[in-house]
Amino acid sequence: MDIKVLGTGCANCRTTLALIEQVAQAKGVAVNLQKVEELRDIMSYGVMSTPGVVIDGKVVHAGGVPGRDKIEQWLVAKHA
Amino acid sequence: MLDEAKEVCPTTTRRMLREGALLVDVRERDEIDGLAFDVADLVVMPMSEFERRCAELPRDRDLVMVCRVGERSLKATYFLMYQGYTRVANMEGGIVKWARKGFPVKGNLSAAIASSGTGCCGGAAPIPGAGGESTRAASEGCCAPQPKRTGACC
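Protein sequence lines correspond, in order, to chains H and Z. Using numbering that gives the first Met the number 0, the letters of the first sequence map in sequence onto residues 0 to 79. Using numbering that gives the first Met the number 0, the letters of the second sequence map in sequence onto residues 0 to 153.
So that you can see chain Z by itself, here it is in the shape it has in the complex (with noise of 0.2 Å):
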């Protein structure tokens, strides 16, 4: 059986981004065209194209993977696991937790927020940028990375 996945917060992930690590956006192209993370280091491939291209992806560079809250990311980051990729990492919380901690995002964010449900930093956040693009830096440090998928992060 896999081991399990190692995932990680939005505040990691812009570490790991600074650190040389690829983002990997498992959303299909509509949703990206409506709500996207603002990085330069970023792979766009869907779930529905996933199994086909996965493996144009690097093996000997951290990988992140990323979605609307981390489910089908997860499948995802299971998915290369089984592939035999070592450096993969789940964003729990997907680009709605992302964008509700400030960090980068282009296009319509309170789309995105209205249709999930509250996140573990959900419900009393601030929504910065709401309605267009949000580049204010947050507070780093809030989440360590998490080995297991726990609910909750702060």
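Bound-form chain H, shown alone (with noise of 0.2 Å):
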């Protein structure tokens, strides 16, 4: 499962990175996790808020951090 991170580098960016990871560990769940962080790779997904997750190129989450629940439905539907 590949799994990116959007953001400019704010806390918020990294706090979501690493409840993913955290998250998928927990889970079991394999995933390739990257950070991506210059304004046009964001901006090519079309997300103006920050963080946002993009899971096998679809866009799932855009604006804040996400909640573990939230992270967890997204691991487990594409692993299930």
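By construction, these hints were calculated from the structure, which means they are not laboratory data. This one's a predicted model, so the numbers in the text were calculated from it and none came from an experiment. Watch out, some of these pointers could steer you wrong.
Which residues of chain Z face chain H? A partial, calculated answer using Cβ under 10 Å [as the list claims (entries may be wrong)]: (1) M0; (2) L1; (3) D2; (4) A4; (5) D29; (6) D32; (7) V68; (8) A75; (9) Y77; (10) Y84.
For glycine and all other residues, C-beta sits at the position ideal for the given N, C-alpha and C.
Dock chain one against chain two, each of which comes alone in its own frame, and use the hints as you go.
In structure tokens, the structure reads:
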């Protein structure tokens, strides 16, 4: 599962990345986690509010740190 | 991936305005209350409203996106490009650089200048009309259109 966290390096973006990493480990889901920090790359997903989260090429979240529940749902849905 | 955004300097922006372009200021309203562009062809569309309102912007007219120093407006430029706008450019340096060049502004220029770093034309450049309105025409032609952000314009 390819997961990209979109953000120019703010604390919320780092938190989002860490949270996804934690949840993936806890659930035993293998993820390829990547941080996207270049504005042009971020905007290529049409995301105005960061952090944004892209899973397998699809934007699933934009703006604010996603909740742990939400991350679990993403991982379970994709992993099922 | 999106193409690199087109970036223009204040001098080129003025020329584009004379030729029919529209200036789009994406700063928040409290910022604009402090210092504003004194041009006729201007739309105020703060970043906090941008995603909701951007469809109001014309697609058949050149748009020049502006903010305080050119960072937020670059984001807005890319967002419009993502939405399929092709006639859009970002003004690098924002209203701070615009004002440093002596182009017309309304409001408190000194506060905006004081809260920014020196841009490519900053430092030794005079600050005309600081604290008030400035309408002095500056020399034209020092800055060429810039396809990429380079950090220096002149």
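Evaluation of the provided hints:
| no. | hint | verdict |
| --- | --- | --- |
| 1 | M0 | holds, 5 Å |
| 2 | L1 | holds, 5 Å |
| 3 | D2 | holds, 8 Å |
| 4 | A4 | holds, 7 Å |
| 5 | D29 | violated, 20 Å |
| 6 | D32 | violated, 23 Å |
| 7 | V68 | violated, 14 Å |
| 8 | A75 | holds, 8 Å |
| 9 | Y77 | holds, 3 Å |
| 10 | Y84 | violated, 12 Å |
When the structure is compared with the earlier hints, violations turn up for hints 5, 6, 7 and 10 and for no others.
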